[in-house]
Structures are given as C-alpha cells and as structure tokens.
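Protein chains in written order, with the numbering used here: chain A, 38 to 243; chain B, 68 to 251.
No lab work stands behind these hints, which were simulated from the structure alone. It is possible that some hints are incorrect.
[Claimed, not checked] Short derived list, chain B residues pointing at chain A, Cβ under 7 Å: (1) Ile82; (2) Val86; (3) Asp87; (4) Leu91; (5) Tyr126; (6) Pro128; (7) Lys132; (8) Ala162.
As the structure is a computational prediction, the values presented were derived from the model and not from experiment. Glycine included, every Cβ here is placed at the ideal spot set by N, Cα and C.
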Amino acid sequence: MAISENTTTTSGTSAQFVSLVNQAKDGNRAAFAQLVDRFHEYIFRMVFYRIRSRMDAEDITQDIFLKAYQKISSIKDATRFRGWMFSIALNRIRDFQRKKRFRSLFKVTDENIESHAPVEADSDQPEALEQVLREDFWRQIGLILNKLSSMEREVFLLRFFDHLSINEIARVLKKNESTIKTHLYRALAKFKKEPAIRQLLNEVTQ
Amino acid sequence: MKRDHENHLDEKQLIQAIVDQADLPASVQAHLAKCRQCRLRKENFERELANFGQMAERYAPQPQKRVRLPAHETKSTFWTLLNWRSAIGVAATVAAVLIVFWGTTIVRNLSEHGTGGLASEILEAQRLMMEVNMLVDNALPVFYLEISGENNPDYDEEFYQFLIPPIENETLTSDRWKRGTSLC
Ligand SMILES: [Zn+2]
C-alpha cells in the first residue's frame with residue numbers, strides 16, 4: 038500500500054470518517070467494526086515494527102482493538118482517532134516489552150527476532166528468497182534502531198514508519214512539539230551517519 | 068558579500084529542514100527556495116527516509132488473525148457496575164475488614180495471654196531468687212547441716228559471739244593493732 042493511500046485511509050480527517058468514529062462512540066458496533074477493518078493492518082504493522090514478531094503483534098493488535106472498543110465512548114475529538122489508537126497501542130506495547138524484559142531475566146536466548154523454520158537460501162522458490170530478505174531486513178532494522186535512544190527511536194518510527202505529523206506525535210507521546218523535534222533531529226543525525234542504513238537501503242532497493 | 072553557493076546548507080541545517088523547514092532562519096529558507104543543489108540534497112534525504120518506511124511496510128508480514136470484538140452490548144447496569152475492577156475492589160474491602168477484625172482479636176488474645184504469662188514469670192523469678200538466697204545463706208542440704216551442727220538449736224547467740232566477735236571488739240582489736248604498731 039502506498040504511503041499516500043495509507044495516510045489518507047487512516048489520518049481520519051474526512052467528514053465520512055469523523056461520522057464513523059462518532060457512530061462508534063455512540064455504541065454502534067458495526068461502525069466500530071468498519072474502523073477495525075480500516076485500521077487493522079496499519080495498527081498491526083505499527084506493533085510489528087516495534088516487536089518484530091508476527092504472532093505477538095497479532096495478539097497485541099487484538100488487545101488494542103478490544104481496549105479501543107471498551108473506551109471508544111471516552112474519545113473527545115473524532116478527528117484524533119488515529120492518535121488516540123496510537124496512545125492505546127503504545128501502552129500495550131510497553132506492557133508487553135516490560136513483561137518480556139522480566140521473562141528474559143530467566144532466559145538466555147534472544148527472543149527479539151522471531152525464529153522461523155530454516156529457509157534454504159538457494160531455493161528456487163521466490164517465497165523462500167523473500168523470506169530470507171525479510172528476516173535479514175528486520176534483523177538489520179533491529180540493529181540500527183538499537184543505536185537510538187528509546188525516545189529517538191519512538192519518534193523516528195512514528196514519523197517515518199507510521200507517518201504521523203509532528204503535532205500528532207506530540208499528542209501521542211504527551212510532549213511538546215519542540216521536544217519531539219529535538220529527538221527527531223538527533224535520530225536523523227545518527228541515521229545519516231550510519232553506513233549500515235545506506236548499505237541496507239541499497240540492498241533492498243536494488 | 069558571500070556568493071550564494073557559499074551559503075549552501077550544512078548537514079545540521081539539512082536535517083533541520085527535514086524535521087521542520089519553518090524552524091530554519093529566514094535567510095536559510097530563502098537559500099533553500101532558490102538553490103537547486105540544496106533542494107536536491109534535501110529531497111534525496113527525504114526519499115531515503117521514505118524508502119526506509121516503504122521497505123518496512125513491504126517486509127512487514129500480513130496479520131493472519133482477524134480482530135474479534137465482543138458480542139453485542141447486552142450488559143445490564145448491574146454487570147457494568149460489577150465488572151472485574153469492581154469485583155476486585157469489593158474483594159479487597161472484605162479482605163481489609165477481615166484482617167482488621169482478626170488482627171484486633173489476635174492482638175487482644177496476645178495481650179491477655181501476655182499479662183498472665185508475665186505475672187507467672189515474675190512469681191517464678193521470685194521463687195528462684197528465694198532458693199538462691201537460701202543457698203547463699205547455707206549451701207549445705209539439711210541432712211549435712213544437722214551432722215555439721217549448723218542447725219543445732221543449742222548453739223545460742225553467745226556461742227556465735229564467741230566464734231565471730233562483734234564489730235566493736237574488732238574495732239578495738241584494730242585499734243590495738245594500730246597502737247601496737249605505733250609502739251613498736
Ligand atoms: Zn545551496
């Protein structure tokens with residue numbers, strides 16, 4: 038899905054979209070189900086970018102929508118539905134990561150990258166090659182993002198992976214815009230200096 | 068006056084332009100507006116970032132489970148009020164009341180038991196001290212006391228006076244000793 042299309046679908050500024058959120062707010066289950074259809078993949082990806090495990094991302098996404106369904110009546114401004122969903126999502130992700138850190142105290146293996154069945158790289162199947170590329174991409178992304186502070190990482194992801202505006206990020210993270218810009222500036226400065234990123238981009242865009 | 072190409076955006080200004088172009092000084096914004104070279108640098112960096120986001124989207128898996136919503140809202144007000152949070156609250160309150168009640172009872176029992184115990188311990192200690200005092204007065208058992216004549220009622224005060232002279236006499240003796248000393 039192209040970024041522009043994605044942004045239009047989920048930014049939530051059209052009158053039709055606002056009406057849908059308001060209907061859901063008034064207890065219309067079908068309206069909420071439509072919002073789920075519209076946001077499901079987007080929220081799932083947002084979670085996956087931070088967790089990098091499909092199964093965990095699916096469970097967390099389910100929790101996020103359930104929470105949103107229970108709390109939809111408390112939303113004040115229907116045009117800010119996307120930011121509101123992101124606030125819920127970030128809280129659920131933080132909970133998950135906290136529990137995971139606790140569990141990792143008792144485990145030796147790194148659970149950050151989901152283990153898949155080994156794939157033969159020289160297989161003729163295009164899916165197998167895609168799978169190898171996919172795993173390698175997320176491994177590299179993990180290494181690159183680990184070089185940023187947690188705040189720089191979150192702001193960077195929200196801006197360039199989730200396509201939120203500076204104003205939306207400020208609302209989601211409950212910080213002022215200049216703080217968000219400072220973190221984004223630092224993240225970009227590190228990003229620009231990182232040769233691994235250029236190498237990765239060259240590899241994947243070839 | 069500097070030539071225009073000498074005012075190209077540096078790395079910091081380029082990043083600033085990506086974060087928010089409006090935050091750049093007016094002169095830098097003006098340069099960016101008319102310098103093709105700087106605009107291209109900015110656009111290239113923006114494209115890199117956009118590619119990065121697009122790659123993430125492309126390589127993210129598709130969710131395989133559908134989101135399940137709870138069945139239609141049929142909860143009565145009672146069940147709404149008595150959701151799990153309320154249930155936990157009620158349970159906590161009941162537990163607190165029971166703890167306070169039991170705590171008070173236990174403390175009271177302990178206190179009563181404690182007072183009785185203390186009194187008996189004092190009596191026991193007094194009895195023990197009496198025995199100790201008796202032993203200090205006379206360490207021999209009664210049988211041996213009789214053999215030794217310690218318990219003989221015939222030994223009157225005069226006899227004891229003889230065995231252990233009173234202090235006055237000792238004083239005299241002492242005085243004598245002092246005098247004797249001085250005489251020598
Ligand atoms: Zn220039």
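Holds or violated: is there a CB of chain A closer than 7 Å to the CB of Tyr126(B)?
-> Because about 5 Å separates Tyr126(B) from the closest Cβ in chain A, which is inside the 7 Å limit, the hint holds.
Interface hint outcome for Pro128(B) [beta carbon to chain A under 7 Å] = 5 Å, holds
Status of the Val86(B) interface restraint (C-beta, 7 Å, chain A) | 5 Å, holds
Lys132(B) as an interface hint toward chain A, with CB separation required under 7 Å | This interface hint holds because 5 Å falls under the 7 Å limit.
Cut-off 7 Å, beta-carbon criterion: hint that Asp87(B) touches chain A | Result: holds, 6 Å to nearest chain A Cβ.
Verify the interface restraint on Ala162(B): the C-beta must sit less than 7 Å from at least one C-beta of chain A.
-> 26 Å, violated
Verify the interface restraint on Leu91(B): the C-beta must sit less than 7 Å from at least one C-beta of chain A.
-> 12 Å, violated
Holds or violated: is the Cβ of Ile82(B) closer than 7 Å to a Cβ in chain A?
-> This hint holds: Ile82(B) lies near chain A, its Cβ roughly 5 Å from the closest one there, short of 7 Å.
Violated hints, in rising order: 4, 8; the structure is consistent with all others.
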